[in-house]
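K.L.:
Using the sequences provided together with the hints, build the complete structure.
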Amino acid sequence: MKERRKERIDRGIKARSDDIFALNSYREMLYVAVPPALPVIGLLILPLILPTYWQKVLISTCVFALLAMSWDFLVSVGMVSLGQALFFGIGGYLAGILDRYVGCPIWVTIPVATLVGGVICTIVLLPVLRLRGVYFAMVTLVIPLMMERIIEATGFLGGTEGLSGLKPFPNSWIEVYVIAIATLVALYSFRRLVTEDYGLVLQGIRDNDRAVMSGGINIYWMKAQALFISGCVGAFCGAYITHVYAFVGMPAFAMDFSILPIASAIVGGVGTFAGSLVGAFILVPLSEALRGIGGLRTVIYALCLVVFIVALPEGIFHYIQRKYQQFERWVDVDQ
Amino acid sequence: MAKIDNVTGDRAPLLSVRELSKSFGGVRAVVDVGFDLQEGELLGVIGPNGSGKTTLVNLITGFVSPDSGVVKYRGQTITGWMPYRIARLGIARTFQMAKPFGALPAFKNLIIPLFSPRVRSLAGGRFGDRDAVAKDLLEEVGFERESSVTFKAAGSLPHGYLKRLELAKCLALRADLIILDELFSGLSIAELAGILPVIEKLRFEGKTIIMIEHRLRELFRIADRVVVLNYGHLIADGKPAEVMEKDEVKKAYLGSE
Numbered sequence: 001m002k003e004r005r006k007e008r009i010d011r012g013i014k015a016r017s018d019d020i021f022a023l024n025s026y027r028e029m030l031y032v033a034v035p036p037a038l039p040v041i042g043l044l045i046l047p048l049i050l051p052t053y054w055q056k057v058l059i060s061t062c063v064f065a066l067l068a069m070s071w072d073f074l075v076s077v078g079m080v081s082l083g084q085a086l087f088f089g090i091g092g093y094l095a096g097i098l099d100r101y102v103g104c105p106i107w108v109t110i111p112v113a114t115l116v117g118g119v120i121c122t123i124v125l126l127p128v129l130r131l132r133g134v135y136f137a138m139v140t141l142v143i144p145l146m147m148e149r150i151i152e153a154t155g156f157l158g159g160t161e162g163l164s165g166l167k168p169f170p171n172s173w174i175e176v177y178v179i180a181i182a183t184l185v186a187l188y189s190f191r192r193l194v195t196e197d198y199g200l201v202l203q204g205i206r207d208n209d210r211a212v213m214s215g216g217i218n219i220y221w222m223k224a225q226a227l228f229i230s231g232c233v234g235a236f237c238g239a240y241i242t243h244v245y246a247f248v249g250m251p252a253f254a255m256d257f258s259i260l261p262i263a264s265a266i267v268g269g270v271g272t273f274a275g276s277l278v279g280a281f282i283l284v285p286l287s288e289a290l291r292g293i294g295g296l297r298t299v300i301y302a303l304c305l306v307v308f309i310v311a312l313p314e315g316i317f318h319y320i321q322r323k324y325q326q327f328e329r330w331v332d333v334d335q
Numbered sequence: 001m002a003k004i005d006n007v008t009g010d011r012a013p014l015l016s017v018r019e020l021s022k023s024f025g026g027v028r029a030v031v032d033v034g035f036d037l038q039e040g041e042l043l044g045v046i047g048p049n050g051s052g053k054t055t056l057v058n059l060i061t062g063f064v065s066p067d068s069g070v071v072k073y074r075g076q077t078i079t080g081w082m083p084y085r086i087a088r089l090g091i092a093r094t095f096q097m098a099k100p101f102g103a104l105p106a107f108k109n110l111i112i113p114l115f116s117p118r119v120r121s122l123a124g125g126r127f128g129d130r131d132a133v134a135k136d137l138l139e140e141v142g143f144e145r146e147s148s149v150t151f152k153a154a155g156s157l158p159h160g161y162l163k164r165l166e167l168a169k170c171l172a173l174r175a176d177l178i179i180l181d182e183l184f185s186g187l188s189i190a191e192l193a194g195i196l197p198v199i200e201k202l203r204f205e206g207k208t209i210i211m212i213e214h215r216l217r218e219l220f221r222i223a224d225r226v227v228v229l230n231y232g233h234l235i236a237d238g239k240p241a242e243v244m245e246k247d248e249v250k251k252a253y254l255g256s257e
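For the protein sequence lines, the chains are A and B, in the order given. Numbered per the numbering used here, the first sequence finishes at 335, counting up by one with no gaps. Numbered per the numbering used here, the second sequence finishes at 257, counting up by one with no gaps.
Because the hints were derived from the structure by calculation, they are not lab data. Glycine residues also receive a C-beta, built at the ideal position from the N, C-alpha and C atoms. Any given hint could be a false lead.
To be verified - Subject to a maximum C-alpha distance of 25 Å in a straight line, what follows is the list of computed DSS-like cross-link-like pairs (lysine-lysine): (1) B:Lys201 <-> B:Lys246; (2) A:Lys323 <-> B:Lys152; (3) B:Lys99 <-> B:Lys135; (4) B:Lys239 <-> B:Lys72; (5) B:Lys152 <-> A:Lys6; (6) B:Lys99 <-> B:Lys152.
Unchecked claim - If the Cβ cut is set under 8 Å, some of the chain B residues that face chain A in the computed set are: (7) Arg28; (8) Thr61; (9) Arg88; (10) Pro105; (11) Pro117; (12) Arg120; (13) Val133.
P.N.:
Right, dumping it as structure tokens:
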């Protein structure tokens, strides 16, 4: 019996555009330029054409995409977190506190909550930086749950009522473009960062932390920096949403904000950041679209998730990237 | 840099190890080991499998903290320091199992030591063009300049090149003391012939080297001094030829009659 295998060959344009950039036709230039430009075009145009309700969906899609990127970044440094909700909740509450008790305007609360939130997240997780893999994951899972209970039990920061009546955005255009632009900035910054020397050192910690240490690099300091970057992105999302809803409460620490970003990143493709965006753009609108069908919504949603993961375990983005850059054909195997 | 000790007139050792001990559970991996290492010396560490050689390296470089004993480098006690602090002093090591960052091109593997604060401060506060430095370093350890090996994914490199890459990482850190854990193991004669001159050159530059080796013939050609470990005990310390004459060493290697 003849055996066959799939052969993959890089497209000529890909090989050339990787190395020397001698592109000599519009077709080739478009081949290289279009994919990186797609998210920019998409995210800037979508708010103009979507109806109001779907604009709100776009907002939460972008928020989950950002959270997914911040999760993906931590993973690329070898820290698997199950607690993006911690970053989200801290950012949300900080913005709420600054608004309610200090009376800061919105353009102060969000940046301050982002940076201070990043610092707080780093400090909170500092004692567990030495833990790896599932141990780190466990701790990050527990802390947001703990925060929720602390607020409930002490009645601190509005307790179960939360803080309501906060300042909203001046208008819905600013609201939607702030998050759209933030998503784009995060996407391209992260994609750039992981190919810089700094990013390579961070990824080195994931692959072989002993080798990095023997290179004279303080891996705990590097990990803390990565946590800060990831924490800032998460805290920004929280602060932003606080002002969108003009409310912050215990749900800011809910599991949704931990699990859905991870699902997005995994469905989209881990390690690419673009995958996080693709994943969020599939899962969040899907969940909204299923809202009409009632009780079985979660079941159908979960089934879709399983189908994606079983059919494309590498992630949608990796799959599309491969199809875009390589030919595939079946060839006979020589015995 | 060597300091003169006025009392005895001897040079102060670069590295001195005193009464170092470490047990893992019931296994005494290293027991009361002590030796001095002068600047510019090439010390061989030999011993049968499981005699505690790698543990000794891990103790010196901080990857394992000792139960008791002292390690001093240039007169400074470094026992119990974190590995990266020790590396910053200029003590570099290779690992027995070379685990490169497989997806990266070979020269990008050197980015990590080149990124360390030690290299920046030695270069006067600036990192410079790390990629260019990395390529030069690889050429120094025998990656051919114009060939594509430098750019190949480290995971696909042949064994000989991986060992050279490990050595290049030590050079990248601009280390003064280089600890090579079984650098020669698994190398063909031709590969050895390529890597031996690199080590000769390092000695010529005045680097101090500790080599853990099983390939005694090659080691004895270049080592100034050899210490022998057996079941964690240091059983001999001296010139290569003298050491091999000792009864304990013969027994450790050949078994007692």
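K.L.:
So which of those numbered hints doesn't the model satisfy?
P.N.:
1, 7, 10, 12, 13
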